[in-house]
Amino acid sequence: MGLSAMQIFKHLPAATKCPATNCMACGCKTCMAFAIKLAAKKIDINSCPHVPNELRELALFENKVQQHAVQFLPNRAAGGETVMHRHEKTFVNPTIIACELNPKDHDFSDKLARVQAFRYKRVGQECGVDAVFFEDSPVVEPQLSDSSRTAVITRNNAQYTIISGRTPREIAQKAQHALDNGKKSLILELDIQGKTIPEMVEELTQIRRRAIIDRDAPYTHPVMVKLPYNLRDLNQVCAIASALICKYANIIVLQDFDEALLSSLFALRQSIFTNPQKPLQVEAGIYGFNEPGRHAPVLLTTNFALTYFAVANELESLPFGSYLVVTPSDGMSVLTAWSADKFTAELVARSIRNYRLCDKVDTRKIIIPGLLSHMQKELQDALPDWEIVTGTIEACRIPEFLKSV
Amino acid sequence: MNIDLFSVINTKIAVELPLYFDRTYPDVLKQAWGADSCEKALEKAFKSNADYVCVKFNVNAGMEETMAKQAKSPDKADSDLQIIPFSAELEKTAAFIEKHLKNAPKPLILRGANDMAADAMLVPFLAKHAPNECIIAFADEFTYERIVPECVKRGHRLVLRSPIDINIAKELNILAMSKGIDEDKILIDPDTGGLGYGLEYGYSIIEKIKQVAKDEEMLDKPVIAFIGEEIYKAKEAKSDMFNHEWGDCTRRAQSWEIAGATAMLCAGADTVVVWNPETVSALKGVL
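So the sequence lines, in the order shown, correspond to chains A and B. The first sequence begins at 1490 in our numbering and counts up one residue at a time. The second sequence begins at 1469 in our numbering and counts up one residue at a time.
None of these hints come from the bench; they were simulated from the model. None of the values given here were measured: they were computed from a predicted structure. Some hints here could point you the wrong way.
Claimed, not checked - 20 Å max Cα-Cα, derived SDA-like pairs, lysine to any residue:
#	chain 1	residue 1	chain 2	residue 2
1	A	K1767	B	I1632
2	B	K1515	B	D1583
3	B	K1701	A	K1767
4	A	K1892	B	K1752
5	B	K1682	A	I1702
6	B	K1676	A	F1890
7	B	K1676	A	E1577
8	B	K1480	A	E1577
9	B	K1701	A	G1859
10	B	K1752	A	D1722
As the list claims (entries may be wrong) - Only part of the chain A face toward chain B is listed, based on derived beta-carbon distances under 8 Å:
#	residue
11	S1626
12	V1629
13	I1686
14	D1722
15	C1727
16	L1757
The beta-carbon is built from N, C-alpha and C at its ideal position, and this holds for glycine as well.
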C-alpha cells in the first residue's frame, strides 16, 4: 500500500502554487521528484519543510497495514486482504479450511490419515483440507504424510497468538493489550456459539471494516472462526461455513470431516476468490473423453473454464467416447466470445485445421453450442468438409442430444 | 447504517416445484420430497416453513410428453382431433391453478418455463390466471410490455430479470414503471450462475446493486435469486457418478444448494428460491 506520487504531489508547493515551489530544500530538483521518491519510500517525509499536516496524516494512514497475513505453508497464508468486495479487487488469500482433531480420540490417527488423503482436482485447482487444528498441542508432534500441503494450527504456539472473544469490541481490547505487550502476529477468534448467520456476519463485517477501511490496528489481523462443538446438523454447518467464506472469516475450523460438505465449500471458495477481471481459462485444443474411437462424436465450445467444465463433465459421464474442440477465445463464454469476435467462423476453421481433427476421426460432423445456432450457416461455409450441427443450449442436455444424432 | 449487512427481517426463503417432475428433475429431489408429482410435493411445501411456495410451469416437459404420445399413435396424429400441445398446456395450467393454488395457505410465486418462446405467452397467462397478489416471474426487456398490465390489474408483484448487468436492471425497472407498475411491486432478478458455474458473477452483481441502491432509488428494490434452478444444472449437485472424494450424492444435493443459497443471501439477496426442502430447514435454522 502507500500513496502514489500523484497523490503526494497534490499537496506539495509546486501543485499548491505556493512560493516554495521547487525550493530544493529536500535535495530534490523538483517537488515532483520528491513525490516520486517519497512514493517509493526512498526519502524521509520530514526532509521537506513545507509538507502540510494533511499530507503527513495521509501518509501515516496510507502506510498502515489493512490486514496482516499469517503464513501457514509456503503457499498458504490467512489474511492480507485489501478490499471489502470482490468486484473492487481480487481477494488475496482464500479462506483456510481446517478440521479440528483431538489427539486423545481413539480413532485419531485414522481421522488424521483420512483428512490428509482427501484431495481432488476441480477446474484445475487442487482441493483439500488446508490445515488440522489442535486445541491442546499434541505431546508428540503428529506425523503428517505431506507437511507441505497440510498445515498444523494449534491454540498455544510461538508463531502467533490467538485472541478470542464474544464480540468485536472484546477481541479488539484483548488484541490491543497483546500488541502493547509486544506480540506481533495475532489471530482474532470470534466465538459464534448461539449466533444466527446475520448476527455473525454483522460482527465479522464490523471487524473487517475496522481493518480494511479504518486500519484500526487491533482489528488488522486474520480472523478465525470455529464451528461450535454442539452444532450437529451438517446442513447448518454448511450454511454457516458458506456465510463465513463470503463474509469474512480468514480461517474456518470445522468439527466435522464430511466430503459432501467440503466439496460445496471448496466450490464456493473458488468462486469468491477468483479474479473478477480475468475469467478462468483452459488451454485451447482437442480433448478426448473415455478413449474416443474414430466414430466418436465431436463437440465444440470456447475455452472459458466453466463452459469447458460443464461440457466435459457431461462427456465424461457418457458410456461412449467423445471429442471436445476448445477454441482459443480468451477465456470468454460462448456468447461473450461471439460478440467480442473471439469466436468467428474463420477462427473455428483455423482451429479445426491446426488441431488436425480430420486425422483423429472418420466422422465429419461437428456439434456447435446451441447458443450459436445463428452461426450455423456461416460455419458451414467456412468448413465445407464438415457438417455443422447445432447442439443444445445447456450442457446438461448433451447426453440426450447425442442419443438423437 | 451499514451497507454490507443483510436484513434479517427481509430475508425470505421460497421453495420451488416444477409442474412436471420430468426426467430432467433430479432423482435426489424426488427422494427429498418423498413425492413423484407436483401435487403431492405441493402439500408438503405448504406445510414447510418456507416463506413462499413457487411453482415453475415447465410446460415444455408437458408438451414433449404430449408429442411423444401422439407420435406413438400415428393414426390419431393425422386426425382433426390432434391436440395442439401448447394450448393444451395453458388449459392444464389454468386448471392446476384453480385446483391447487386458489386458496393456497402460503404466498405464491408463479413462474414461467424459463423458455423464451413459451414464456412470451405463458407468463402473461400466469399473471392473468393467478390468484390476486402473487409474485409473477419473470419479465425481461422483451416481454415486460405484455406482462406488466396483467400484473397491475391483479395487484401482483413482478420479477424483472436482467442479464447480470446493473444498467439493464435499472433501465428495466424504469421501463416497467412506465407501463404502470408500482415501484414497490418490483423485484430484481439479476440472474446468476450456479455454484461452481459462475455463481460469482451473480454474487458480485447483487453486491453492487445493494451498494448503489443507497443512492439510486431505481435500484433500491428487493433482489430475488432463483438459485435452485442453477444449482441443480450442475452434475456435482445431483449425480452419483462422482468418486468417493465427493461424498454421498444425497448429502451433496443438500450442501451444494445450501452453500449457493447462503452465498446469495450474503451478497444481499432478499429472497432465495431453492429446490431442496432440506435447504429450507437448514437456512431457517440459522437465519
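**Message:** Quick check on the hint: D1722(A) CB to chain B CB, less than 8 Å?
**Reply:** Result: holds, 7 Å to nearest chain B Cβ.
**Request:** Tell me if S1626(A) is really an interface residue toward chain B, meaning its C-beta lies closer than 8 Å to one of theirs.
**Result:** With Cβ-Cβ at 30 Å, over 8 Å, it is violated.
**Item:** Evaluation of the interface hint that places I1686(A) against chain B, nearest CB under 8 Å
**Value:** Holds: closest Cβ of chain B sits about 5 Å from I1686(A), inside 8 Å.
**Message:** Check the hint pairing K1892(A) with K1752(B) against an upper bound of 20 Å on the C-alpha distance.
**Reply:** 42 Å, violated
**Item:** Hinted pair K1767(A) and I1632(B), Cα distance within 20 Å
**Value:** 16 Å, holds
**Asked** Are K1682(B) and I1702(A) close enough, with their CA atoms no more than 20 Å apart?
**Response** Distance ~19 Å between K1682(B) and I1702(A) Cα, so the pair holds.
**Distance restraint between K1480(B) and E1577(A), which requires alpha-carbon spacing of 20 Å or less** = Given pair K1480(B), E1577(A) is violated - Cα atoms ~28 Å apart, limit 20 Å.
**V1629(A) as an interface hint toward chain B, with CB separation required under 8 Å** = Violated - the Cβ of V1629(A) stays beyond 8 Å from chain B, reaching only about 29 Å at its closest.
**Asked** Holds or violated: is the Cβ of L1757(A) closer than 8 Å to a Cβ in chain B?
**Response** OK, holds: L1757(A) within 8 Å of chain B, min 5 Å.
**Request:** Mind checking the alpha carbons of K1752(B) and D1722(A) for me, to see if they're no more than 20 Å apart?
**Result:** 13 Å, holds
**Request:** May I ask you to test the interface hint for C1727(A) with respect to chain B, counting a Cβ-Cβ separation under 8 Å as satisfied?
**Result:** Because about 5 Å separates C1727(A) from the closest Cβ in chain B, which is inside the 8 Å limit, the hint holds.
**Asked** Does K1676(B) pair with E1577(A) here, judged by a C-alpha cut-off of 20 Å?
**Response** Cα-Cα ~10 Å, so holds.
When each numbered hint is compared with the structure, violations occur for hints 2, 3, 4, 6, 8, 11 and 12.
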